[in-house]
Amino acid sequence: MTTAFETAALVREGKITAEAAVSAALSRIKSADGEIGAFIEVFEEDALRRARELDAKRKTGAQPGRLAGVPVALKDNFLFKGHESCCASKILKGHRAVYNATVVKKLLAEDAIIVGRTNMDEFAMGSSCENSSVQITRNPANTACVPGGSSGGSAAAVAAGMVPIALGSDTGGSIRQPASLCGAVGLKPTYGRVSRCGLVAFASSLDQIGPFTSDARDCALALSVIAGHDEKDSTSAAEPVPDYLAGIEDGVKGMKIGVPSEFFVSGLEPQTARLVLAAAEKLKASGAELVDVSLPHTKYAVAVYYILSSSEASSNLARFDGMRYGYSDAGAASLAEAFEKSRGAGFGPEVKRRIMLGTYALSAGYYDAYYTKAQKARTLILRDYEAAFAKADLILTPVSPTPAFKFGEKAADPLQMYLSDIYTIPCNLAGLAGISVPCGNTAEGLPVGCQLLARPFDEARILRAARALEKAQG
Amino acid sequence: MTAVEIDAGRIAKLARLELSDDEVKLYGRQLGAILEYIGQLGELDTASVPPTAHVLGLENAARKDVAVADENREAIIANFPVREHNLLKVKKIIE
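These protein sequence lines map, in sequence, to chains G and R.
Numbering-wise (this note's numbering), the first sequence opens with residue 1 and increments by one.
Numbering-wise (this note's numbering), the second sequence opens with residue 475 and increments by one.
No wet-lab data here; the hints were simulated from the structure.
Be careful, since some hints might not be right.
Stated by the list, open to error - In silico lysine to aspartate or glutamate, EDC-like type, Cα no more than 20 Å apart, as pairs:
1) LYS538(R) <-> ASP233(G)
2) LYS566(R) <-> ASP292(G)
3) LYS565(R) <-> GLU337(G)
4) LYS105(G) <-> GLU545(R)
5) LYS299(G) <-> GLU337(G)
6) LYS487(R) <-> ASP321(G)
7) LYS282(G) <-> ASP292(G)
8) LYS299(G) <-> ASP519(R)
Unchecked claim - Partial selection, computed: residues in chain R whose CB lies under 8 Å from chain G:
9) ALA482
10) ALA535
11) ASN553
12) ASN560
13) VAL564
Virtual Cβ for every residue (Gly too), placed ideally from N, Cα, C.
For reference, chain R alone in the conformation it holds in the complex:
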């Protein structure tokens, strides 16, 4: 098995993580080693094996579409990092 080269800077961008240059190097190296280990899955012949996403075989679960009062409004607002009055304040989305 060969070490897997990955572009950690690109992955961090996709994952919305700001990393320092040292972090990009460190995680790039560590992820390469982990992916090299994971490469052993290549030994398995899975051509005719179905994938398992979920072990319970549950059907889609739905509950009745009934409005329920939420009494947590004040507590939710209290968690906002930045707010104006009772509104959540975020950066501009549309330029």
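Next comes chain G alone, as it looks inside the complex:
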């Protein structure tokens, strides 16, 4: 597949039309997605119409934007005006976005063409896409396996070569884990780096939007477009947005990369450990220095995360009451019953479980024991990273303790599924930037990703190291 970088250059130079670029993506989706199931909906007519408009605009002499004619997919929790946006949930079935998310505005302003919405775990709660109320998504590397989650549809769409860029959201690993399992590059920017206006909220102190791409250069290009302050997201940071492509070829010479012993422990599948440590050695051979760092509170991250994210979710998801949009129970006798019936039938099992966990943690008599305790433990995790980043510029770890697993393998036991997020969660709790970069395949042909973490707003360094790793791997 042509990268976003190449496609935009060809369209800008007039060597191909945007219509041709979009048609090619649509036909790849048509031939591949019947088996994969990455897309919930393809906006075929709308995408072709916008592509033709761009071609017509170009003919008048207008200079097309940085993503001219680049086909882009959106996870089903982004608002794209006039299109359905359902978070793969029954409670939002039929809901049409009434405005554009800020990232959607930014993509459109740079002449990207949005081609469809992708499958996800309902309300971004899950690690396999098995919690979607719409469909399953298969891993392009092995269709007997899950693509990861919650942004599994976006990861699979990029890994299968259907689109060069797909957006996802990452609350505890929902971009990096599916990127690792499918073999794509997936970036979770720093908390506050990208505006979340128009992203359906899951856990507001953790959620962040980021891109899936096939390489680090496309990732840098996509981030350059979507990053920046937005007055419509009060948590978005005023930090200036650099050109992430500018220094991306500069290599890792002299860079200090921390390897935390707490991440390479029993429970980490041996082939995954070997491939991730081999990536560290390749960066060393490219001029980086490997240093030992310690993150002693790592083992508490999953517990902290499930208290805080579920508490925030129980509050955020209170707005889905069946009144103003989406599924509404028609048979209720009272208002309270209408809420209970609409929510009881509209939400799937995992969403109900998390709303209940959060409601419990925030309820009278339990608030301090669970919610405040978790907030304090979050401080300890944050301090671990501050200390580690005093010694290292980047931290290198696995993304997922195992490669892609089979359908049903972890679905019956919620706690086992939660534990598979152990390596990605701390990044969100500490508000860091993190990426998953492919670092090889297991003997069974399943992709494995290597995670690079950086200090807040140091995405440029992550992308530089990711690019160096790609080059070292050939």
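Keeping the supplied structure of chain G fixed, place chain R upon it in accordance with the hints.
Frame of chain G; chain R shown alone:
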């Protein structure tokens, strides 16, 4: 660590979720196991540790109080599950 017993029916009521009896039993058991796991946070001495709600240290953000026209009225109305004319219809709130 002991399994945490929770009254899932009461929590569902607080969360405005109608659950079947089977769901109450299932979620009660699963939440008990999850809370038992979460109990390991008790090992941490956090007496002198401040809580973190937010990692950016942002001040309150405010924008200018200026009225902006909303052009989405028709689209918002089109999403209403039940409406009469252009009004959203809901159940009676005051008895």
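Going straight from one Cα to the other, do LYS566(R) and ASP292(G) come out at no more than 20 Å? Not OK: LYS566(R) and ASP292(G) at ~64 Å, beyond 20 Å, violated.
Interface hint compliance - ASN553(R) to chain G, C-beta minimum distance less than 8 Å: 4 Å, holds
Would the pair LYS299(G) and ASP519(R) pass a check requiring their Cα atoms to be no farther apart than 20 Å? Given pair LYS299(G), ASP519(R) holds - Cα atoms ~15 Å apart, limit 20 Å.
Take the C-alpha atoms of LYS565(R) and GLU337(G), compute the straight-line distance between them, and say whether it is at most 20 Å. 10 Å, holds
Between the alpha carbons of LYS105(G) and GLU545(R), is the straight-line distance 20 Å or under? Status holds; Cα separation ~16 Å.
For a C-alpha distance cap of 20 Å, please report whether LYS299(G) and GLU337(G) respect it. 41 Å, violated
Given the hint that LYS538(R) pairs with ASP233(G), does the C-alpha gap stay at or below 20 Å? 14 Å, holds
Against chain G, with CB atoms and a cut of 8 Å, does the hint on ALA535(R) hold up? The hint holds - ALA535(R) has a Cβ within 8 Å of chain G, the shortest such distance being about 4 Å.
So, as I understand it, the hint says VAL564(R) touches chain G; can you test that by seeing if any CB pair is closer than 8 Å? 6 Å, holds
Are the Cα atoms of LYS487(R) and ASP321(G) separated by 20 Å or less? Given pair LYS487(R), ASP321(G) holds - Cα atoms ~14 Å apart, limit 20 Å.
When the least beta-carbon distance from ALA482(R) to chain G is tested against 8 Å, hint result: ALA482(R) check passes; min Cβ-Cβ to chain G is 7 Å, inside 8 Å.
Take a quick look at whether LYS282(G) and ASP292(G) sit within 20 Å of each other, Cα to Cα. Given pair LYS282(G), ASP292(G) holds - Cα atoms ~16 Å apart, limit 20 Å.
When held up to the earlier numbered hints, the structure conflicts with 2, 5, 12 and fits the remainder.
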